[in-house]
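Work out the full structure, taking the sequences as your base and the hints as a guide.
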Amino acid sequence: MKSIEISPSQYVMVIDADRCTGCGACMVACAIENNVAPAHPDATDRTGVTWMKVVKVSSGNNGDGKPACYLPLPCQQCAAETPCVTVCPQNAVEVDQQTGIVFQMSQRCLGCRYCMAACPYHARYFNWWDPEWPEGMEQTLNPDVAPRMRGVVEKCNFCHGRYQAARASAAEHGQASSDPVTYEPACAQACPTRAIKFGTPANNEQGVGDLVHSSSAFRLLPRLGTEPRVYYLSKHKWIRQMAQMEKETSTGEEVHG
Amino acid sequence: MDSKFITRGLERTSLRNFSVWVLFWVVVLGFGLYGAYLCLAEGLNQTNMDNRFVFGLWIFLDLAIIAFGAGAFFTGLLLYILKRSEFTAVINSAVVIGLICYSGAVAVLAIDVGQPLRAWFTFWHPNAHSMLTEVTFCISCYLVVLAVEYMPILLKNRKLKERPSLLVFQHNLHKVIPVLAAIGVFLSFFHQGSLGGLYGVLKGRPFAFREGFGIWPSTFFLFVLSAAAIGPSFPLLTTSLVSKISRKKLVKPEVLQSLGRISGWLLLAYVLFKSVDTLVWINRTSPSLLFSPYEYYNQESFGTWILFAEIVVFGLVPALMLLTRKIREHRGWLITAGLLACAGIAVNRFVMTIQTLALPTLPFDPFLSYIPSWQEIATFIAVIAYGVLLYSFSFRYLTLFPQERDLNSLTR
Amino acid sequence: MFPFVYDFRWEATSLIFLGVFFAVITTLMMMVATVTVRSVKDLRTRKIGTLRWHETFEDLPAGARSCRFAMSGFAPGRSCDNFFECGTCAVYPRFRSLEERHRPEDHESRSGHGGFGIDEKRYYHRGHTWLQEEEDGTCVIGLDDFAARLLGPNPTYQLPPAGSTLKQHQPAFTIQTGESSVRVVSPIDGEVLEAGDSTRGWLLRIRPSTQLPHARHLFRAGEARRWFQAELERLNRLVEIPGVGATLADGGTPVDSFRETRPDANWDGILGVMMLDV
Amino acid sequence: MNSGRLSFLAGLVGMLLIGWVFFPSLLYQKEPQPLQFSHAVHTGEAVGMTCDNCHTFTADVRSMAIPRLSNCKECHSEVLGESEAEKRLVDEFVAHDREIPWRTYSRQPDNVYFSHIQHVQIAEIECERCHGSHGKSETLTDRQINRISGYSRNIEGQIIPGLRFKAWDRMKMDDCSDCHDERGASNSCLKCHK
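As given, the protein sequences belong to chains L, V, Z and W, one line each in that order. For the first sequence, position 150 matches number 154 in the working numbering, and the numbering has no gaps at all. For the second sequence, position 123 matches number 555 in the working numbering, and the numbering has no gaps at all. For the third sequence, position 29 matches number 9 in the working numbering, and the numbering has no gaps at all. For the fourth sequence, position 67 matches number 1037 in the working numbering, and the numbering has no gaps at all.
These are calculated hints, taken from the structure and not from any lab test. As the structure is a computational prediction, the values presented were derived from the model and not from experiment. For each residue, glycine too, the CB sits at the ideal point set by N, CA and C. No incorrect hints appear here.
Here are the simulated SDA-like cross-link-like pairs (lysine to any residue), alpha carbons at most 25 Å apart as the crow flies:
1) V:K607 - Z:L23
2) V:K684 - Z:A50
3) V:K436 - Z:P133
4) V:K436 - Z:P41
5) W:K1142 - L:S181
6) V:K676 - Z:P41
7) L:K70 - V:P795
Where chain Z lies over chain V, by a calculated footprint (3+ residues, C-beta under 8 Å):
8) 440 to 454
9) 546 to 559
Below you can see the structure in the form of structure tokens.
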């Protein structure tokens, strides 16, 4: 696996697959934080909006003591050749150079869904229905996140509403806007097992700077060259190999992260 | 009754028959438009597309009918640029079909996107790196070109040309048609290619991803070549169909055979390049991304038979048929070969869109299936009905086939 | 799209892409503008008549456009590409001299050929009119036998008033017969002196701008015979007329009215195609 | 001049009038302020207040607050001058301890994230850069709301063809991005959008 090319001052997320119990707290926290409307009655698991989605992966008969694992799948915030950015016909997707966050401008989005076809991680979601909140529930909307309308694509942006808030309070303390700020996305905050760590390698918040270099770190489909900013951790070889599509590895040789 | 509007020397069915025919298609169109209206008013939840199967029937059909519409640019290329004057016999019809295909495709695209009113954003904030930007620009420009090319045909209508201003305009417009044809060829080359590039660039879809030259993946060139290959085949089919329905001889058989022969050579070249491309993809491109190409064909509905069908049954076979003089000179076989060739391109477009999306990329992802909803099918039917209506009116009131008067008697 | 639009990208790819796009759009707009300007100019300079004839000529079925020398056998299969303007045709003199050397004018006097009356004194035009020079230097115009049989009984004529100008190959007058009306093109440039009618044997008396012997595009009797023959064959391809065609070789006389033999045919279309009004 | 040309000109003038005069008044809904207020009196030499005397940061430090009644009450617990507005202030609002429902001129659209603290404190941009001479105005004009977009006309700009002559004539995205360009600040979407 290639060494990371990610600027140390950009954010990374490290998800410990061994710790994840599949409880789904991150999914709920994400939806509430980011003003995702309750699913339409006709929505299925393939038409709903779940910026963070936990999938269960079974080992088959090569369990290695762990028959199944859960992988929380947010947008992988690809750092290189970001597939969704190059395909968007009207520059509605952008990689922020400072934070590394891949940002979907729903207001610019045409809803052509080409980015969804391009995304190898299926981490993008289309608003098939008008977002509707039950009477009174719109009062609970997060003012830092703009709701999206029907017919546009949206996805995880590392809770950039929280980033903006952190940025503002950093400014209050006189911090220049070029320095990275410390904040925690809703999913990381909500995880009861602390399986999701977030920060910049430079500041090494929650140890992310070390974790991305650990031997158990891996990323999804690294051969596509997308350099995701979301890392996974697992001590189990089958999980690492499965995620990297490496079916043939000689025994006894450790795959280096 | 309307005989004053029909070109002199052409024999057309009675107004009553024509009205019945039109009425039938208007009803079909109405039904289709209702489906399309639902998709616009209620949103794309009316379709069976979803977050994984983001493109469906519509994109497949868009790609296919835009390839079929290539007849307009290719006949224009043969006639105006390569000076093959025998194709005057089919150019008008090819232009009308091109116009129908492109306007139909654009209309469906407008329904397919989530926010059609933002379509102008692509022009205002274009991302020059996106194949889709290129497609959008080229198709809109080419639609304008086709509309301008259609004008002289329309203005030749018996009643319209009575007006001096229209006559003069038509005359002058006709003089610059070669320039339009050249622009059309240029635009077609790029957007037919970019439609192929749409999928070829998707590294995240190893089934569709292809290497290429510079910014263009190999599918770019394959799409151009395949569109050019059926460019002559599709007018051959439509001409035969119209001939059958109207019970008129429309063009001399030699013209159709000539179209078939050109189609055959191009198709042969396409099959050759497609085979080389497939081999490179199986042996190099796909393995380099750690995807075993054989897995793509393990799925229930998409076996290797589809690859065989695409390249051999609907590629090599019609190519060889069209290149065989004896087969070409037999009307029925000629049409069969044209039909096979067009089906082959449709299969190719199907594979590039539907199969690409059905196959999983993530290792733990399942294979997906998708069946279009009635609203999607209705929208497609609306395009067909629109095409039939526009063509019927053009055929009745305009001169689509100049040779028709020489080939038919005027006895009822 | 434009440099003043937010997030316009000053990078090579964008600039090339937009450059090509604007080039295409500009070319398209320039072309439509040029066509419009030219059209306005053409409308002003009143070339409509000539232009309409050229357009009509282009629209004629291929069978109606054969060269006169194709009919006489000197240029087999040749189509006219000069709008029947033999006076300005480049190949005319060559074929004409050939014709004169190899087949001296057929003086065999016959009152008719294929049952059509052909008058040695008359000049025939491809729109099925004839011209005859009178003693006072004026000319009279009439419809030939072929046209008379196409039109059927009792056609009505809308003739131009005295003083009108006629232009060669451009509509001179209109005939109404049954449900169809057909415009008859003028065989020559000239000025209308008097309108006649069918009982007087001619329809218009004119003062031609060209002296008839110099009007190269008109047929004399010998050529007219071959042309009538070709026209009959053309008609027969459009509609099978009993008593014409195969029987003609025997010198049989065609029926007086083609119409009556085949009332079911599309006579409006036939009239237009045969009389150069499509 | 013939009648055709005359009627063309008349039509042109008519349409221009409709477009430039009638249509804007139709497009924008006028909302009067609940009370008249003279910034000029307060910031003038006699009183000598500055903007941040009343417009302080909100709790989340992103916005500048519209003054609350408590700000006013600091001086205006009783009628000080002779103006009608001030009498109303005391009678209608101070006496009943009722907040004045001021109408905000420059509220950005929902999808815009604007942080005053970053602009005022970190970048040290003067209030006038965006708000112009509002702090020296004698009266409060009506707020004009675009009936279609719901945005204030102060965002879209008062000049009908959409031109900007002074930095504060408009507060559209282009105006933000121009200033970001000038100062070398990032123009990434994420910087201002949410």
